[in-house]
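Colleague: Here are the chains, one letter per residue:
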Amino acid sequence: MTDSEITELMKNSPQQGHRALFDEYYSYVYAISVNILRGPASQEDIEECVIDAFASVIKKFDISSVTALKPFIGTVAKNKAISMRRSLTAKAGIIISIDSEEFREPASDECIDRNAENSVMTELLLQRIKELGEPDSTIIIQKYFYERNAKEIGRMIGMKHATVRMRCARAVKKLRSLLEDSDKEE
Amino acid sequence: MKKDQLFGRVSDEEAARIADEYPTGDIKHRDRIFREIERRVEDTSASVDEVSGVESYRSRIWGKVLSAAAVFVLVAGAAAGGGYLLLRNGRAGVPVAEFSEISSSVTEVETTEEDTTEEDTTEEQLTKEDLIAKIKNRDYDAYDQLSIKYHTTVNSGASCEHSEARRDRITGNESLIKVWTHTAEYYKDLDDEIIAESGGIDKLAETITKNEMFMYKDLYICVYSDTSSPGPDQYEAFDRSRCDFDKPNIFCDLYSEYIINDDLDNFEVQDITTNVEFIGRDCTQLVMTSDYVLPPAYKDAPITDPSPAKDVTGQGVQKQTLTLTVDNETGFILAAKLVYGENYEEFTVEEILFNEDAALPEDAGYIKNRIAGCIPNCEETAAYDLSQLDE
Numbered sequence: 001m002t003d004s005e006i007t008e009l010m011k012n013s014p015q016q017g018h019r020a021l022f023d024e025y026y027s028y029v030y031a032i033s034v035n036i037l038r039g040p041a042s043q044e045d046i047e048e049c050v051i052d053a054f055a056s057v058i059k060k061f062d063i064s065s066v067t068a069l070k071p072f073i074g075t076v077a078k079n080k081a082i083s084m085r086r087s088l089t090a091k092a093g094i095i096i097s098i099d100s101e102e103f104r105e106p107a108s109d110e111c112i113d114r115n116a117e118n119s120v121m122t123e124l125l126l127q128r129i130k131e132l133g134e135p136d137s138t139i140i141i142q143k144y145f146y147e148r149n150a151k152e153i154g155r156m157i158g159m160k161h162a163t164v165r166m167r168c169a170r171a172v173k174k175l176r177s178l179l180e181d182s183d184k185e186e
Numbered sequence: 001m002k003k004d005q006l007f008g009r010v011s012d013e014e015a016a017r018i019a020d021e022y023p024t025g026d027i028k029h030r031d032r033i034f035r036e037i038e039r040r041v042e043d044t045s046a047s048v049d050e051v052s053g054v055e056s057y058r059s060r061i062w063g064k065v066l067s068a069a070a071v072f073v074l075v076a077g078a079a080a081g082g083g084y085l086l087l088r089n090g091r092a093g094v095p096v097a098e099f100s101e102i103s104s105s106v107t108e109v110e111t112t113e114e115d116t117t118e119e120d121t122t123e124e125q126l127t128k129e130d131l132i133a134k135i136k137n138r139d140y141d142a143y144d145q146l147s148i149k150y151h152t153t154v155n156s157g158a159s160c161e162h163s164e165a166r167r168d169r170i171t172g173n174e175s176l177i178k179v180w181t182h183t184a185e186y187y188k189d190l191d192d193e194i195i196a197e198s199g200g201i202d203k204l205a206e207t208i209t210k211n212e213m214f215m216y217k218d219l220y221i222c223v224y225s226d227t228s229s230p231g232p233d234q235y236e237a238f239d240r241s242r243c244d245f246d247k248p249n250i251f252c253d254l255y256s257e258y259i260i261n262d263d264l265d266n267f268e269v270q271d272i273t274t275n276v277e278f279i280g281r282d283c284t285q286l287v288m289t290s291d292y293v294l295p296p297a298y299k300d301a302p303i304t305d306p307s308p309a310k311d312v313t314g315q316g317v318q319k320q321t322l323t324l325t326v327d328n329e330t331g332f333i334l335a336a337k338l339v340y341g342e343n344y345e346e347f348t349v350e351e352i353l354f355n356e357d358a359a360l361p362e363d364a365g366y367i368k369n370r371i372a373g374c375i376p377n378c379e380e381t382a383a384y385d386l387s388q389l390d391e
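Residue numbers (UniProt numbering), protein chains in the order written: chain A, 1 to 186; chain B, 1 to 391.
Think of the hints as simulated: they come from the structure by calculation, not from any bench. Treat the hints with care, since some could be wrong.
Claimed, not checked - Listed below are the simulated BS3-like cross-link pairs for lysine-lysine, each with C-alpha atoms no more than 27 Å apart in a straight line:
no.: 1; chain 1: A; residue 1: Lys59; chain 2: B; residue 2: Lys134
no.: 2; chain 1: B; residue 1: Lys217; chain 2: A; residue 2: Lys59
no.: 3; chain 1: A; residue 1: Lys151; chain 2: B; residue 2: Lys368
no.: 4; chain 1: B; residue 1: Lys217; chain 2: A; residue 2: Lys78
no.: 5; chain 1: A; residue 1: Lys70; chain 2: B; residue 2: Lys28
no.: 6; chain 1: B; residue 1: Lys28; chain 2: A; residue 2: Lys160
no.: 7; chain 1: A; residue 1: Lys60; chain 2: B; residue 2: Lys134
Looking at chain A on its own, in the form it has when it is part of the complex (with noise of 0.2 Å):
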């Protein structure tokens, strides 16, 4: 469904069309909450966040003011797990200063470039995992991007979770032998 059919959808049927915008935007606006909660989070923290971002961009919805729905929900969801971040750390004891480069926009020359580096190798880890076929690609991702354990992704692909460790276990080894191909071909 296109933004345009969300937002004619829920300027006539709000209900649908909070589903609408929900079905839509779900898978990205967990990516981005997972992206940036990973490691202080539970997976209730994360689901937490999820609830409130799309809450609050239900709520703050102004169909006149809003064009490109993915920027405007991809903002609203990081603000909310970068202010979730910062209590659960400040909750554990952790002090990550406001001026921290996990917080800040890149803006020293450095900084772009050790962001570009990581990008490359987003980018090649992404690909060799693609390379590693379904359902072993989709379960290393909910595994190790989403945290999900055998159980949960067990129950997304129908597999059960004995054989998803299984799987799992086999298709890191496979992965750990494509990664050091990359580095042996540079």
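Add chain B to chain A, keeping to what the hints say.
Modeller: Okay, now just chain B, sitting in the frame of chain A:
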């Protein structure tokens, strides 16, 4: 390879790409999250839509719906927990509209009779309005974790309910434990046959009835126990969306919430005492009065009397006094006592804890352990999928 070593922080574009290529969450999981989003949006809409002047008014309807739901669950699960039913039913003889009509008539007369200066009245009115607004604007959502331990006494002390409500907004889990006890006085009107079957009034008075309600993820699980019933405790399980005890949150079943949603507007503030300390918190005490229209039977009027509520002669109207102890910081009612005729009802918070101090709702391990020795109360419960407790 540890899971946190594979992915560091990725860019928004990469996160978007992962989301596109590897969507997450099964349908059931997504539905649960969406329901929670809708619930929060609706909560906000309700409080925004019903703004009147500077005070926001909460809908009274959900309180009434909840009462009906509470009655259903209590009847189904705990017959001896009927004391609380009396709390809801004992004074429910007069529709709210009729009640308000009488109340406003009497208030009007009283206001005229009060010969106070304009300045004094204005100053007092502002204070009253501030306090009532504070109570009505109380916000349980302001705390990530909140636990309240309280007891409610009805039937002039004959029935007592000890409860503890816990809420964790981070996980979305909530729990409510209720324990009822009754004095011998409570059972005196029972049929002799039933009393004899139960081993006598004193034996009945020793009965302790307990409902342990767990709202865990999508699950609603309630364990029913009753010391007068031999055999294992029973439990019931169904979809949390069908449960009304947590709508909008677990604190909706507090006696104070019924007062705020059903009765508060009918009372007139008579006296305010500031700087009151209660369970270690700074509070303000309000004494309020109202006139309660007695059902026809109470004033020896024919049951067919077509308009008992219009009787303002005083014969069918009973003065009620409500004393509230209000927490200055939160607006929560920490104590309430309603006196009508020779009867009284009392609500007292014993402990209120916020955020990191709060007692958290019971976790999956506790719930599993609790229901391990219980039997399901029906086939539907026996077949109900409890796998969320294993996740």
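Colleague: Against each hint, give a clear statement of whether it holds in the structure.
Modeller: Status of the hints after comparison with the structure:
1. The suggested pairing of Lys59 of chain A with Lys134 of chain B holds, with an alpha-carbon distance near 24 Å, which does not exceed 27 Å.
2. Restraint check for Lys217 of chain B and Lys59 of chain A: satisfied, since their Cα atoms lie roughly 24 Å apart, inside the 27 Å limit.
3. Between Lys151 of chain A and Lys368 of chain B the CA atoms are separated by roughly 18 Å; this keeps the pair inside 27 Å, and the hint holds.
4. For the proposed pair Lys217 of chain B and Lys78 of chain A, the alpha carbon gap of about 25 Å is at most 27 Å, so the pair holds.
5. For the given pair, Lys70 of chain A sits about 24 Å from Lys28 of chain B by alpha-carbon distance, which is consistent with the 27 Å threshold.
6. Restraint check for Lys28 of chain B and Lys160 of chain A: satisfied, since their Cα atoms lie roughly 18 Å apart, inside the 27 Å limit.
7. Using a Cα cut-off of 27 Å, the hinted pair Lys60 of chain A and Lys134 of chain B holds, with the two alpha carbons roughly 26 Å apart.
In summary, this structure violates none of the numbered hints.
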